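Novice: Given the structure of chain A, go ahead and fit chain B onto it with the hints provided.
There are 2 protein chains.
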Amino acid sequence: MHLTRFTDYSLRVLIYLGLKGEQRSTIQEIAEQFDISRNHLMKVVHELGQKGYVTAVRGKHGGLVLQRPPAEINLGMLVRDTEHDMRLVECFGDHSDCRITQACLLKSVFNEALQAFLAVLDRYTLADMLDPRRQQLSQILGIAPMA
Amino acid sequence: MHLTRFTDYSLRVLIYLGLKGEQRSTIQEIAEQFDISRNHLMKVVHELGQKGYVTAVRGKHGGLVLQRPPAEINLGMLVRDTEHDMRLVECFGDHSDCRITQACLLKSVFNEALQAFLAVLDRYTLADMLDPRRQQLSQILGIAPMA
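These protein sequences, in sequence, are chains A and B. Residue numbering for the first sequence follows the working numbering, starting at 1 and increasing by one per position. Residue numbering for the second sequence follows the working numbering, starting at 1 and increasing by one per position.
It is possible that some hints are incorrect.
Copies of the same chain look alike in the list, so a pair counts if it works inside one copy or between any two.
What the hints assert, rightly or not - Straight-line distance between alpha carbons at most 20 Å, and here's what the computed EDC-like set of lysine to aspartate or glutamate pairs gives:
| id | residue 1 | residue 2 |
| --- | --- | --- |
| 1 | Lys43 | Asp122 |
| 2 | Lys107 | Glu83 |
| 3 | Lys107 | Asp131 |
| 4 | Lys107 | Asp128 |
| 5 | Lys60 | Asp122 |
| 6 | Lys43 | Glu29 |
| 7 | Lys107 | Glu47 |
| 8 | Lys43 | Glu112 |
| 9 | Lys60 | Asp81 |
| 10 | Lys51 | Glu90 |
| 11 | Lys51 | Glu83 |
It is worth saying that the hints were derived from the structure and are not from the lab. Given the structure is predicted, the values throughout are model-derived calculations rather than measurements.
Pulled out of the complex, with its shape left as it was, chain A reads as follows (with noise of 0.2 Å):
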């Protein structure tokens, strides 16, 4: 049972621009200080885009921002949204090949499990991430403290 990569990565993202505050990061600058896959994080950032996470300002001081204050940014409905996926057994979706899927009770027990997963992840926000490693966190990423 993993996260996809995808979520992962998301999560960096909205951590290093968390960190960043009100100044701008490229992706270049990202994927080097996780040192992970420029390629991989454009398609990050577009999808967080889309959904709302992540803004790119234009211009010559342009560059990407958070969308929205970490506070605002619900950890639940973020692994949400950037989990494609969350069909944990091939029952979960609309279509199964699993004979006994009509009287089977499993998939109303792994839902149940599925959502304490989820309700756990409702408590935290960005915020809560980076508010008490603030410092550790933007020394790591090599981050100038905030203004």
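Specialist: Just chain B now, with coordinates in the frame of chain A:
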């Protein structure tokens, strides 16, 4: 976020054997009833044997049976046994390439969510999946009622 096919098939095997009770089963028969790969099932059954869920009774009236009563097969323990990799994100492992691992608070939040997921499964056994649906499940899978 998915459970592995290994977990999915393990659950199907245990449901099947649980419905059959003392009657012996073959891998061939389970593969046919669920219309899934016999080769995959062989690996699944082998590992379920090693982990104390299934026994192969030898001899003329041999075949597969559960090693424990369904009420003693806990779903949380089973999923811990069959999901070979519960590292939700990279930093759950011993070696993380993510630069912020040492300072990042996400790992503890995701771990809390994973524990909540497993805690739900811990509340159910295989018997809870079988008893209310024994007749329907047996009918779908062509299993004769238990004596």
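Novice: Confirm or reject each hint.
Specialist: Hint check results:
no. : hint            : in the structure
1   : Lys43 / Asp122  : neither (25 Å within a copy, 38 Å between copies)
2   : Lys107 / Glu83  : both (19 Å within a copy, 17 Å between copies)
3   : Lys107 / Asp131 : between (38 Å within a copy, 16 Å between copies)
4   : Lys107 / Asp128 : between (32 Å within a copy, 13 Å between copies)
5   : Lys60 / Asp122  : neither (37 Å within a copy, 56 Å between copies)
6   : Lys43 / Glu29   : within (15 Å within a copy, 45 Å between copies)
7   : Lys107 / Glu47  : neither (30 Å within a copy, 23 Å between copies)
8   : Lys43 / Glu112  : neither (32 Å within a copy, 29 Å between copies)
9   : Lys60 / Asp81   : neither (31 Å within a copy, 55 Å between copies)
10  : Lys51 / Glu90   : neither (26 Å within a copy, 24 Å between copies)
11  : Lys51 / Glu83   : within (13 Å within a copy, 31 Å between copies)
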